Amino acid sequence: MSKTVGVKDLIQKKDKLSKMKSGVEKSIPVFLFCLASISVLTTVGIVSTLVYETFLFFKDVSLIEFFTTTELKPLSPVEPKFSILPLLTGTVMTSLVAMLVAIPIGLTTAVFLSEYASPAVRKVLKPLIEVLAGIPTIVYGFFAFTFVTPLLREFIPALGATNALSPGIVMGIMIIPLVASLSEDAMNSVPNAMREGAMALGATKLEVTLRVVIPAAISGIIASFVLGISRAIGETMIVTIASGSSKNFTFDITQSMQTMTAYIVEVTSGDAASGTTAYYSLYAVAFTLFVFTLLMNMFARYISRKYREAY
Amino acid sequence: AACGSDEEGSGNQAGASGGELSGSVVIDGSGTVYPLMARIADEFMSTEEENVSVEVSRSGTSAGMKKFVVGETDFSNASRPIKEEELAELDENGIESEEFKVALDGLTLVINPENDWATEMTEEEIKTMFVTGKIKADDDVLWSDIRSDWPAEKINFYGPNENHGTYEFFVETILEEQELVEGINLQQEYSTLVSLVSEDKYGIAFFGYGYYANNDDKIAAVAIDFGNGPVAPSLDTIAEDGPYAPFTRPVFTNLSIDAAKEKEQVKAFAEYVFSKGAAEFAGETGFAPLPEEELQESLELIQAID
Amino acid sequence: MKDMNMDIAPEKKSYIDLNVVQKKMSARILLNKIVNYLFLLSTLFGLIVLVILLYRVVADSIGWLNIDFLTNKLSTSPDRAGIVGAIIGTVWLMIIVGPVTMVLGIGTAIYLEEYAKKGRFHSFIQTNITNLAGVPSIVFGLLGLTIFVRVFGFGSSIIAGGLTMSLLVLPIVVVSAQEAIRSVPQFLREASYGMGATKWQTIKNVVLPSALPGVLTGMILALSRAIGETAPLVVIGIPALLIPIPGSLFDSFTVLPMQIYYWTIDSVLVDEYAHLAAATILVLLTVLFVMNSVAIIIRNKFQKRY
Amino acid sequence: MCALTITARKSTKANAPLASDTENTEKNIVMNTRALNLWYGENHALKNINLPMLENDVTAIIGPSGCGKSTYIKTLNRMVELVPNVRISGEILYRDRNIFDKTYLVEELRTRVGMVFQKPNPFPKSIFDNVAYGPKIHGIRDKKILKEIVEKSLRGAAIWEEVKDRLNENAYGLSGGQQQRLCIARCLAIEPDVILMDEPTSALDPKSTLKVEELIQELKEKYSIIIVTHNMQQAARISDKTAFFLNGEVIEYDNTDLIFSTPNDKRTEDYITGRFG
Amino acid sequence: MCALTITARKSTKANAPLASDTENTEKNIVMNTRALNLWYGENHALKNINLPMLENDVTAIIGPSGCGKSTYIKTLNRMVELVPNVRISGEILYRDRNIFDKTYLVEELRTRVGMVFQKPNPFPKSIFDNVAYGPKIHGIRDKKILKEIVEKSLRGAAIWEEVKDRLNENAYGLSGGQQQRLCIARCLAIEPDVILMDEPTSALDPKSTLKVEELIQELKEKYSIIIVTHNMQQAARISDKTAFFLNGEVIEYDNTDLIFSTPNDKRTEDYITGRFG
Ligand SMILES: Nc1ncnc2c1ncn2[C@@H]1O[C@H](COP(=O)(O)OP(=O)(O)OP(=O)(O)O)[C@@H](O)[C@H]1O
Ligand SMILES: Nc1ncnc2c1ncn2[C@@H]1O[C@H](COP(=O)(O)OP(=O)(O)OP(=O)(O)O)[C@@H](O)[C@H]1O
Ligand SMILES: [Mg+2]
Ligand SMILES: [Mg+2]
Ligand SMILES: O=P([O-])([O-])[O-]
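Chains as they are written, first to last, in the working numbering: chain X, 61 to 371; chain W, 465 to 770; chain S, 126 to 431; chain Y, 517 to 793; chain L, 517 to 793.
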């Protein structure tokens, strides 16, 4: 001890210095707080830009016209018409097709992975399926346009070159991993004791799954569906490329339809000059889209929290 | 000094590995004109002035104008003449500009290759079938409504949407501002229209000649009888004073004179367009070249900018 | 089996008829078997699609994806066209997105996990981040268009695109960094505090190094999302033809997905563009595959050593 | 079925079950385990088990933690096969049929051999649906019959009076002891022949434990019961036979009173007197 | 500092610490706890604690699980404040200064009052960096000095010989016992005055435990040590004073030999003789 430096003294001296630096210690939380506020500012930014321009839009176009009429001709030189219904039907139909693909396949995939597959199989299959979620949507758009549509045409001759069906299916495929992995999480959190209880009564795996596991995990499963829908509603590139831009109010999925997202792409990359009603309409549509997806996401979180079973 | 070298450069160093100019040229506007302008820009950068960066966007004629009138772009392509309002705005912003014709486009009516009846139609037939209520109040027009020996099948109408100068030309010039037929399927992308018609035996669409010429294996063009027998659109017939003339239209580019004065590369590019580019690449991108004198006139106008 | 029934004591009124149970049993088990295979099939469906997709992309890009394609600049003519500009544009984008999301994301995560009192404000920010993660990317595009392109006047430059993309992927980084920080065992923090370390010293010297692998994994995933994202850039406005390679943050740029987008829709004009799009997709997928593999390696290598 | 013929015998190793051939030689053997070995991967968890189980008896299985009690009992209705990488050799005869037979469907076996678990594990459904679950999956759809079954089973599990007015409430509203009896009722509803119980009272308070113990005494009139317990007193109180497991082997098997009064093996004695485990 | 003046006295309640005023009245009090109360939210975890701690003594704290031992020891260096919703009243004097004083920086306190935890918790860094961590955060950057400190501390923790050739290897490569001594070395590196140890050997095997116990005996020459232990024999072996906690109260405090030979309180006796806890 004698031969070494007096660490105690060293520390005390240095500490006085460093305590003077305690300004750093105090300012860091403030700095980090500012960083954390950026995310809040982002939301504020989104809401305020959308709200402001939407407000300008509704000065020109009544809410009634926007939500109840069926014609959308934003750039018509003769008589522009602004109804969101054609876009809503486009969005709803493509999302509906997507969910008709994603829900059954996603859920059965989840069931297979969580209830049927051996751990080894699961370990291989799960990450492979998740690859689907990582593929850029532009690639899916290309795939829908150049492969799925021509393929479907073989079976449905009336199918248009752009239509709601093909991008819907491809969106569904893209959403499979989301539904599958969230549902699987929900099923995994059902305690094994529950499965064993049913098995011990002579139930088959299918009966255990249908009558015990799925009911117990239902909130998480529904949440995964809702998030999937929300994802489908917000998806842009697939529909922009493969579903065309026809603004007819129709439910015919074999024909071209435009979604809210594709409309935004069209108007921003197209001809609408800023300051015109057509230009503001894109904010009104975007605001509708934003509110739609926000509500769905909040709803998903609400149900998964509210109905989480207390095991 | 820089000015001098520029003139020499464009004259002597064509094909050389690069001129002395640098900086950027920003072009936006018509989607119809885009393929031609992109082709010219590409060639300009690879053979004339390697260090100049020409960027070509295609947000559409009107959207391009919006940027042009505030001085954001150097060139604004257009598939229609510039409008009064746009000129007024340019004035207001103190921007001097000049409109140049670049090439000729023929508005082409396209049908499915399997359509073996409507390969020839009269101008009048086109004008009536595309106007709402002209043939039938409910607009469910059948091919047989036009000529009785044609199939009794519903006609499916397609066209570019209101974003496009082509739409405006069709509605304003050809249909003389009468309302377009109800239920016409209007699309943003020409690619979509090509696909739609190529798959629809009873479909008919209108768009620029270039999109037809590049896809004549998938779609067919209607030969139009303007009174002197049917004329099929082709580079020859849509040329100045060609027999397809009623349906041809010039396409333009608007040059900001201020930009050309300030930036040598803008002027150099403009000179290139009218000395070489427009004539050489019009054909391969589906436009009829303008008569040489007209291009020469434009070139002289540009060279005179100081 | 008959004597099974006999085993049951006579006074026990039996509801379960073993013969019936047995008869139904084989049907139930068969159903279970069939369903098992159906579920397997359904699980494989996604993978089959994946294989088809990859096969198509590879098949379409054979003969097109070569060194020249990777090193050539963009061009309108298919045999000269390359994607070096898009690759470098993508790199530029990452140069913004990487540092910005790292600072914002990790800072936010530290604040939420280590500093913020668990209360209303904390859950407000947390909810806000979860909600942002669910906002469609196109809406972020509009935000970027309004704020960065217009208000800040950055135009359609790298900085505008990069900042927009940063906000888009920020929630991914925040959430994964939060998880990583949360998984740093409390006893390591206690050890540090026990030595008289201040909070920030503890975070800097103990928490962050331990959380680093998780944070890095999240960063890579966020970057790969940003690399593949197209919609916000379409809104911000990327030139359809941009040959020069961007040299500064304020230059126009293009990225791989945008190139895929334009080539896909222009394939109607020039058939070969479809092959260029496929080749670009292959490059993009390869990049993403490598990034994700790195993320997985990091995660596995540094997983839980406590 | 066959009368108990196995008398005290030594297996090759020192782990032979010793059944003292007194009084109950005339009782039937319901399940008979012969030379059973079980591995979890490399872990040899059950080693050459030979163990009979008599009709209408309560057989207790005791032993220190990790000795293989749960593993053994889960082998009897083949629930152990749910664990991946399990390997089994030897045979278990249920009513003279080898349960590992290819043609023996596990679902069928489990309908005959019911099970009650350590932690009460009702389904997150109503009390009624919990009990009706078994009959329903076995094809009974008739509401009236289901009602009768539910009542009978709940009575059988001595919980009817407590829950008859709240059959439609969620089972999670019951106390731990009630939940466990509900699980027993659920098991009774499919009218099993044998009931396996793995430490059924270890998660319960003393009062509930007593109730379940009384119930087991009643049930043995109609069912054959195997119960795993770590509670020596409990084994002594309620079982007729006791098997002592250690490290995956059966060290001793005999009448409960004999095991607890005069164990043959030193290790059994050590365990019973609390010297380890 | 002030000499021990507190002699046997009764607090208002029955939980008065009884320090038999024999032999070591001349030892200094390093830390003195006065009327300390602590609440976790509504849970009153420490109740009116009065407890002195003598210089160069080993003070053992014993008591059943949940009685507040860890809470108390963590209060001594204010680590307990990391738990949200903690409320504290009363005072703790370290060398006559109240550690809860506004002007007393926790960092300073913790530099003087070091701590060793139940589970060895080295940082996932090299052995060298683990030990150098403390000096570094206190501003010592000089490589040479750091090296000296590391060696001295590792020697002090009786682990130098075992690790001197692998100072740059990750600390997680060490055995549990080595890790615990490394943590002690890490604590010594900032030359604290008092060392708090919360069950420092409970995660260790008997051999490592012995080593750490020997080490504690050595360390007490230079440091004042408080050790929490659930192991009565350990307390008896290594400590000079022992405090018995029960339900957040100090039931008895006295010389270790007295506590273990002739406890004053019935509850202490019951605990020591293994009747509960
Ligand atoms: N699912 C499993 N996978 C691998 N090994 C297992 C598994 N379950 C149990 N084992 C091992 O098998 C052996 C016997 O375990 P088992 O659960 O049967 O013991 P037990 O007697 O029931 O103990 P306890 O009294 O703690 O319940 C133990 O060594 C255990 O580690
Ligand atoms: N972080 C906390 N939040 C709330 N209550 C706590 C917390 N830590 C401990 N307690 C409660 O305070 C009381 C004392 O706990 P403490 O950990 O001090 O006991 P202990 O004597 O160290 O027990 P053990 O021997 O098990 O370590 C217990 O009732 C415990 O539940
Ligand atoms: Mg067990
Ligand atoms: Mg403790
Ligand atoms: O894109 P346009 O040329 O039709 O405006």
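Incorrect hints may appear among the rest.
[What the hints assert, rightly or not] Selected chain W positions facing chain S (Cβ under 7 Å, derived; list incomplete):
hint, residue
1, Ala-502
2, Met-509
3, Ser-521
[What the hints assert, rightly or not] Dumping the calculated BS3-like pairs for lysine-lysine here, alpha-carbon to alpha-carbon at most 25 Å:
hint, chain 1, residue 1, chain 2, residue 2
4, W, Lys-598, X, Lys-141
5, W, Lys-740, S, Lys-329
6, W, Lys-740, X, Lys-141
7, Y, Lys-660, S, Lys-148
8, X, Lys-86, S, Lys-329
9, Y, Lys-635, Y, Lys-618
These are computed hints drawn from the structure, not numbers from a lab. In this text the structure is predicted, and so the values were computed from the model without any measurement. Just so it is clear, CB atoms sit at the ideal spot from N, CA and C, and this is done for glycine as well.
Hints and how they fare:
The closest approach between the C-beta of W:Ala-502 and any C-beta of chain S is roughly 4 Å, which is under the 7 Å cut-off, so the hint is satisfied. For W:Met-509, the shortest C-beta to C-beta distance to chain S is roughly 5 Å, which falls under 7 Å, so the interface hint holds. Hint on W:Ser-521 holds. Least Cβ distance to chain S is approximately 4 Å, under the 7 Å limit. Pair hint W:Lys-598 plus X:Lys-141 holds up; C-alpha atoms about 22 Å apart against a cutoff of 25 Å.
In summary, the hint linking W:Lys-740 to S:Lys-329 is not supported, as the alpha carbons are separated by about 64 Å, beyond the 25 Å threshold. Our distance criterion of 25 Å between C-alpha atoms is broken by W:Lys-740 and X:Lys-141, whose separation comes to about 44 Å. Of the supplied pair hints, the one linking Y:Lys-660 and S:Lys-148 holds, its CA atoms being roughly 22 Å apart against a limit of 25 Å. This hinted pair checks out: X:Lys-86 and S:Lys-329 have alpha carbons roughly 15 Å apart, not beyond 25 Å.
The hinted pair formed by Y:Lys-635 and Y:Lys-618 fails the criterion: a straight-line CA distance of about 31 Å is larger than 25 Å.
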